[in-house]
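**Student:** Note that the protein sequences, when read in sequence, are chains X and F. Residue numbers are given in the UniProt record's numbering: position 40 of the first sequence equals residue 40, and the series is strictly consecutive. Residue numbers are given in the UniProt record's numbering: position 122 of the second sequence equals residue 122, and the series is strictly consecutive.
Worth flagging that the hints you see were computed from the coordinates, not collected in a lab. It is possible that part of the hints are untrue.
Unchecked claim - Cross-link-like lysine to any residue pairs, in silico, SDA-like; alpha carbons within 25 angstroms at most:
| no. | chain 1 | residue 1 | chain 2 | residue 2 |
| --- | --- | --- | --- | --- |
| 1 | F | K67 | X | Q27 |
| 2 | X | K101 | F | A146 |
| 3 | X | K90 | F | Q142 |
| 4 | F | K83 | F | G41 |
| 5 | F | K112 | X | G60 |
| 6 | X | K90 | F | A108 |
| 7 | F | K112 | X | P92 |
| 8 | F | K35 | X | L22 |
| 9 | F | K75 | X | Q23 |
| 10 | X | K104 | X | V72 |
| 11 | F | K35 | X | G18 |
| 12 | X | K6 | F | P44 |
| 13 | X | K8 | F | D153 |
| 14 | X | K104 | F | E133 |
| 15 | X | K104 | F | F114 |
| 16 | X | K45 | X | E26 |
| 17 | X | K80 | X | L99 |
| 18 | F | K35 | X | D12 |
| 19 | F | K67 | X | D5 |
| 20 | F | K67 | X | I4 |
| 21 | X | K104 | F | R136 |
| 22 | F | K112 | X | G93 |
| 23 | F | K33 | X | D12 |
| 24 | X | K90 | F | D109 |
| 25 | X | K80 | F | T118 |
| 26 | X | K6 | F | D153 |
| 27 | X | K90 | F | D113 |
| 28 | F | K67 | X | S17 |
| 29 | X | K101 | F | A135 |
| 30 | X | K104 | F | A135 |
| 31 | F | K150 | X | A114 |
| 32 | F | K67 | X | Q23 |
| 33 | F | K150 | X | T13 |
| 34 | X | K80 | F | Q134 |
| 35 | F | K112 | X | E106 |
| 36 | X | K80 | F | Q160 |
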Amino acid sequence: MALIDKYKVLIDTARGSGISDLQVAEQEGVLQIRGTAPNADVKNKLWDIYNQIDPNFLTGDVVMNVDVSTAVAGSQVRVKTENSSLNIRKGPGTDQPILGKAAKDEIITLISRANDQWWLVRTKDGEEGYAYAQYLEPLG
Amino acid sequence: MNLKHALSVILLSGALTVSIISCKPKISDADLKAKVETAIGSNPNVLVDVNEGVVTLSGTVTTEDEKRVLETSAKSADNKAVKSVINDIVIQPIEINTDTADLTAKVADATKDFPSVTATVNDGVITVTGTVEQARIQTLKQSLDALNPKKVDLSGVTVQ
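The task is simple: from the sequences and hints, build the whole structure.
**Tutor:** Given below as structure tokens:
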């Protein structure tokens, strides 16, 4: 079965959810999906659908990189770690020294996006440093 | 009403009638645009413009095939009314990171909080083995997909 058929519900939902710059294409046997969702809910919905079609993502025939448009400088983001606190580091990389921590579910400020993986943030206590973007959920 | 006035009314209505009849089989650019847009399907990245029956397609797609199919669909939207199609669509393949050194460094950051997995990178493909808790497999996959790899192979992962 072609990937666009297997993931039809996912693609249709992406197309109908107001995702900007949406790109969907099969490249070398993998369905590549890129775009910017209007909010974190839409992104989460797409991941739920993907997980329903391919439980635990074990097949490996999709790479979905969907950003959230509300993640802009000055906006508020929620720390969404599993249990632990989120490390705030001096620079963008896990080899960088840890300056402080932000608690799970804490709302912190996104100062700027250093790159797709690392965002410069400010905690409630005014501490500034880099945090791993996957553990930050844009609000709004 | 004087004769001159009456004559001009007759002439005017005659002119109107002629122009209405002659316009009837011709589809307007706006209508043709709508027709072409329907024919090529909803694609927010592709724009349609029509000028005296000449259709211009612009925007971006990810493959050469897609570009060709859109042009064919635009032509067949109305074979009579579409005089020609100018295909200005730009092909913009989806970005993939195949730089092994760069990807390896980013994968190390992404898997730092998953001490029970091992991830290797080869030609843009990230292969992961080990064990991951059910609740965290999505976080791992999202982190790895965000690096724009060619593929993320989790088939060697045991989900607990």
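**Student:** Hint by hint, say whether it matches the structure.
**Tutor:** Taking the hints in turn, this is what the structure says about them:
{"no.": "1", "hint": "F:K67 to X:Q27", "in the structure": "16 angstroms, holds"}
{"no.": "2", "hint": "X:K101 to F:A146", "in the structure": "23 angstroms, holds"}
{"no.": "3", "hint": "X:K90 to F:Q142", "in the structure": "24 angstroms, holds"}
{"no.": "4", "hint": "F:K83 to F:G41", "in the structure": "20 angstroms, holds"}
{"no.": "5", "hint": "F:K112 to X:G60", "in the structure": "21 angstroms, holds"}
{"no.": "6", "hint": "X:K90 to F:A108", "in the structure": "18 angstroms, holds"}
{"no.": "7", "hint": "F:K112 to X:P92", "in the structure": "14 angstroms, holds"}
{"no.": "8", "hint": "F:K35 to X:L22", "in the structure": "23 angstroms, holds"}
{"no.": "9", "hint": "F:K75 to X:Q23", "in the structure": "24 angstroms, holds"}
{"no.": "10", "hint": "X:K104 to X:V72", "in the structure": "21 angstroms, holds"}
{"no.": "11", "hint": "F:K35 to X:G18", "in the structure": "23 angstroms, holds"}
{"no.": "12", "hint": "X:K6 to F:P44", "in the structure": "23 angstroms, holds"}
{"no.": "13", "hint": "X:K8 to F:D153", "in the structure": "21 angstroms, holds"}
{"no.": "14", "hint": "X:K104 to F:E133", "in the structure": "18 angstroms, holds"}
{"no.": "15", "hint": "X:K104 to F:F114", "in the structure": "17 angstroms, holds"}
{"no.": "16", "hint": "X:K45 to X:E26", "in the structure": "21 angstroms, holds"}
{"no.": "17", "hint": "X:K80 to X:L99", "in the structure": "19 angstroms, holds"}
{"no.": "18", "hint": "F:K35 to X:D12", "in the structure": "22 angstroms, holds"}
{"no.": "19", "hint": "F:K67 to X:D5", "in the structure": "20 angstroms, holds"}
{"no.": "20", "hint": "F:K67 to X:I4", "in the structure": "17 angstroms, holds"}
{"no.": "21", "hint": "X:K104 to F:R136", "in the structure": "15 angstroms, holds"}
{"no.": "22", "hint": "F:K112 to X:G93", "in the structure": "10 angstroms, holds"}
{"no.": "23", "hint": "F:K33 to X:D12", "in the structure": "24 angstroms, holds"}
{"no.": "24", "hint": "X:K90 to F:D109", "in the structure": "15 angstroms, holds"}
{"no.": "25", "hint": "X:K80 to F:T118", "in the structure": "23 angstroms, holds"}
{"no.": "26", "hint": "X:K6 to F:D153", "in the structure": "18 angstroms, holds"}
{"no.": "27", "hint": "X:K90 to F:D113", "in the structure": "18 angstroms, holds"}
{"no.": "28", "hint": "F:K67 to X:S17", "in the structure": "24 angstroms, holds"}
{"no.": "29", "hint": "X:K101 to F:A135", "in the structure": "22 angstroms, holds"}
{"no.": "30", "hint": "X:K104 to F:A135", "in the structure": "15 angstroms, holds"}
{"no.": "31", "hint": "F:K150 to X:A114", "in the structure": "23 angstroms, holds"}
{"no.": "32", "hint": "F:K67 to X:Q23", "in the structure": "14 angstroms, holds"}
{"no.": "33", "hint": "F:K150 to X:T13", "in the structure": "23 angstroms, holds"}
{"no.": "34", "hint": "X:K80 to F:Q134", "in the structure": "16 angstroms, holds"}
{"no.": "35", "hint": "F:K112 to X:E106", "in the structure": "21 angstroms, holds"}
{"no.": "36", "hint": "X:K80 to F:Q160", "in the structure": "21 angstroms, holds"}
The structure meets every hint from the earlier list without exception.
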